[in-house]
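Engineer: Letter by letter, the chains look like this.
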Amino acid sequence: MKLPDGLLENIRAKTPLLHFITNYVTVNDCANITLACGGSPIMADEASEVAQITSLCSALVLNIGTVNERTLSSMLRAGRHANTLGIPVVLDPAGAGASDFRNNAVKLLLKEVNFTIVRGNISEIKYLSHGVASTLGVDASAEDRITEDNLKDALRFAQNFSVATGSVIIISGPIDIITDSGSGYVLRNGHPMMSTVTGTGCMSGAVAGCFLGAGSARPLDAAVSATAAMGVCGELACEKLQRVGGGPATFRNLLIDSMSMLTDSVLRDRARLQQVF
Amino acid sequence: MKLPDGLLENIRAKTPLLHFITNYVTVNDCANITLACGGSPIMADEASEVAQITSLCSALVLNIGTVNERTLSSMLRAGRHANTLGIPVVLDPAGAGASDFRNNAVKLLLKEVNFTIVRGNISEIKYLSHGVASTLGVDASAEDRITEDNLKDALRFAQNFSVATGSVIIISGPIDIITDSGSGYVLRNGHPMMSTVTGTGCMSGAVAGCFLGAGSARPLDAAVSATAAMGVCGELACEKLQRVGGGPATFRNLLIDSMSMLTDSVLRDRARLQQVF
Amino acid sequence: MKLPDGLLENIRAKTPLLHFITNYVTVNDCANITLACGGSPIMADEASEVAQITSLCSALVLNIGTVNERTLSSMLRAGRHANTLGIPVVLDPAGAGASDFRNNAVKLLLKEVNFTIVRGNISEIKYLSHGVASTLGVDASAEDRITEDNLKDALRFAQNFSVATGSVIIISGPIDIITDSGSGYVLRNGHPMMSTVTGTGCMSGAVAGCFLGAGSARPLDAAVSATAAMGVCGELACEKLQRVGGGPATFRNLLIDSMSMLTDSVLRDRARLQQVF
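Residue numbers (this note's numbering), protein chains in the order written: chain A, 982 to 1258; chain B, 982 to 1258; chain C, 982 to 1258.
Honestly, the hints are just simulated from the structure, not real lab data. Please note: incorrect hints may appear among the correct ones.
Because identical chains cannot be distinguished in the list, a pair is counted as satisfied if it fits within a single copy or across any two copies.
[Claimed, not checked] Derived lysine to any residue pairs resembling SDA-like cross-links, with alpha carbons at most 20 Å apart:
id	residue 1	residue 2
1	LYS995	ASP1125
2	LYS995	ARG1126
3	LYS1092	LEU1132
4	LYS1133	PRO1155
5	LYS983	GLN1256
6	LYS995	THR1177
7	LYS995	SER1122
8	LYS1088	THR1244
9	LYS995	ASP1245
10	LYS983	ARG1253
11	LYS1088	SER1029
12	LYS1092	GLN1140
13	LYS1133	ARG1253
14	LYS995	ALA1123
15	LYS995	GLU1124
16	LYS1133	ASP1161
17	LYS1133	SER1246
18	LYS1092	ALA1032
19	LYS995	SER1176
20	LYS1088	GLN1033
The following block holds chain A by itself, in its conformation from the complex (with noise of 0.2 Å):
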């Protein structure tokens, strides 16, 4: 199944203004992936001027890896905000199930704002889900991995959980799941040296909020697209790093690289997607 075509380069006519209130240990590399995408990033989490600041946005990304009392409330007024002017929001739930404090953060979060694309690994989507942590600090629970054996069962949850929410579902891994209410897609590119360095993640959602933010994909395509080109580029910096040598951080440097350097033909041609239902 192939993607839509000629989105990378939307994005890259259009440079879509993305409004990030977001994590400090990944920020420098959303910020990165962003640019190298063809998207303008900027960050302000100051609750008295995120409305203003998503109001000049295209999309809106949240992030709640290290999210405080503070910084919560600025995500709550900014995402209420784009949901009135219609601007698309992308949640990153980092770290949900983790503890109290940031499961109430997304409990709220989900209830007074109406996300476009969530976008977590299958733990953090399980607890949003059924409230039940299996998470292990932020990544995803070895008993909770997604494998062929229970790909199915896994879309079938994710699917449950566009119904409940009204959002495009992103759960990153191994195998990556898309799905809305109607349509389910499974992904399968990616390198396991992407989860040698932090940030993967956090970067994936923040090239859903560049696909979102150019404004002519439907968010499930924005959805599949991001996933996809993140994987993609995974893959292309590793068949670089193999060539150079090295580790985790030359990786990370290949990684936002290969994303400036993506096309929408090799986007196309090397995402291996599969419509399921």
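Keeping the supplied structure of chain A fixed, place chains B and C upon it in accordance with the hints.
Structural biologist: Chains B and C in isolation, oriented as in the chain A frame:
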């Protein structure tokens, strides 16, 4: 026209300590370019310690990229204390024009603190001067872009803003403008790759802090030298990038690497500096 | 003298989860070196969640590099909770001596929390011990520098501070000192390039957290192994840098890369460790 000689060497001989209150997006880049340039960075934003930290330092760099109520108050304290002690202060009005909060923040900073150097893109500086925003996030808007055609107007505008503030003004862009009330310079260094990564503007402010902090340059010379140093390093990094291959993440590394290897003689040979008045 | 064997392999087998409350300058480097070493990092500083996050983890790392009133309170909560649960805690007193706020912060932390390991440069540790500051920002001051001449005094001083605190003490520098109340070690690994980038000290603390968190090393062995691992990786990165060319930014990447490829046998072969008492 030649840059003053020996200023880089002087920074490396003195290792000036720089106090930063800056955004969490590019803070690591600011720290590393400061080290590469020969300075020593300390980041501290707790209101109850900033005056004391500033008093240890040879320059203070304030960057409002992710400013909030708390850190704005710290910036004001640190800035006023620097003024009292005669320590030079750099302002980077990142994103000025983008929100009322940010606009009030820069208004307050400009009212309460005398800045030695103000460095921003054309849209930010225009906002500071006229109070009219054409800022699109943290990048200059296309309509504002300085070209050979409007260069003289831009210089006059920057000079007027310098007269009004008493600060040396750096307007960064494809063509850089540096001016105080009496002299105006145009610098034609740098490379478009510099806008493909986040932080090159912020790093320019850091480098300006290094030249100021080392103590033997007049503010105008510090501003011109710092702007030239960033531009020349952008060119050197790009030349290396063309040999080794890669994209923006590799470029960012090469930019910082280049600063660490830059010498006064290379800087003076490559700076394309023109005095206009 | 040889390091204990198998400790790195043990980290990679157990993937210890580490809770960081750390500065926003080098936080990304700390996360990536933790992953490269075999651990899994989670950064969380909201006071209402830190105890719960700590309780999920195998070690807690507190770094006061950009501490403020809010995060100090979170550090105290997390530290006390770690003590209650018997979870090892690392303190990095970044910039101790530079301001009253920072000095009171470390005083409070040392009073309220039992640290398994305290890691700092000589000026910071001297401040903690004597309450007299010669700190210049976040770097050791020249007058404090440990040389072959004052090495015995420095060891004795570190031992006394270890007796007073009950913590293993790591003094990082050109010559590293590691001591508890009964034994003292000198380590002669590392490279001057390590001080040309920000974060190598912070990363040492992160690596110490990995060795502690994996659970099978005595605190003194964890401290010695972590310090040796950072020093050896600094050397390996520098050797590679000499082959491929580049400056500090490239070096930083090679340092993290080296940690991901480091094995126990290389670590033991290259560690230049001497037991002094």
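Engineer: How do LYS1133 and PRO1155 come out at 20 Å by Cα distance, when the copy is not named: within, between, both, or neither?
Structural biologist: Answer is within: at 15 Å inside a copy they meet the 20 Å cutoff, but 53 Å across does not.
Engineer: Are the CA atoms of LYS1133 and ASP1161 at most 20 Å apart within a copy, between copies, both, or neither?
Structural biologist: within (15 Å within a copy, 55 Å between copies)
Engineer: Since the copies are identical, ignore which copy is meant and state whether LYS995 and THR1177 lie within 20 Å (CA to CA) inside a copy, between copies, both or neither.
Structural biologist: For LYS995 and THR1177, the Cα distance is within 20 Å only across copies (15 Å; inside one copy 33 Å).
Engineer: Under a CA distance limit of 20 Å, which applies to LYS1092 and GLN1140: within one copy, between copies, both, or neither?
Structural biologist: within (18 Å within a copy, 52 Å between copies)
Engineer: How do LYS983 and GLN1256 come out at 20 Å by Cα distance, when the copy is not named: within, between, both, or neither?
Structural biologist: Answer is within; shortest intra-copy Cα gap is 10 Å, inter-copy 56 Å.
Engineer: With identical chains treated as interchangeable, where does the CA-CA distance between LYS1088 and SER1029 reach 20 Å or less: within a copy, between copies, both, or neither?
Structural biologist: Intra 23 Å, inter 16 Å, cutoff 20 Å: inter-copy only.
Engineer: When no copy is named, should LYS1088 and GLN1033 be tagged within, between, both, or neither for a Cα gap of at most 20 Å?
Structural biologist: between (24 Å within a copy, 18 Å between copies)
Engineer: Checking an output row: LYS983 and ARG1253, CA cutoff 20 Å. Within, between, both or neither?
Structural biologist: within (8 Å within a copy, 49 Å between copies)
Engineer: Could you figure out if LYS995 and ALA1123 sit no more than 20 Å apart (CA to CA) within one copy, between two copies, both or neither?
Structural biologist: Close across copies (13 Å), not inside one copy (40 Å); limit 20 Å.
Engineer: Taking 20 Å as the upper bound on the Cα-Cα distance, should LYS995 and SER1122 be classified as within, between, both, or neither?
Structural biologist: Answer is between: at 13 Å across copies they meet the 20 Å cutoff, but 39 Å inside does not.
Engineer: If the cutoff is 20 Å on CA atoms, where do LYS1133 and SER1246 land: within, between, both or neither? Let me know, please.
Structural biologist: Result: close neither inside a copy nor across copies, 30 Å intra and 44 Å inter.
Engineer: Measure nothing new, just compare the shortest in-copy and cross-copy C-alpha distances for LYS995 and ASP1125 to 20 Å and report within, between, both or neither.
Structural biologist: So LYS995 and ASP1125 pass the 20 Å test across copies only (18 Å; inside, 39 Å).
The structure does not agree with the numbered hints 3, 8, 17 stated previously, though it agrees with the rest.
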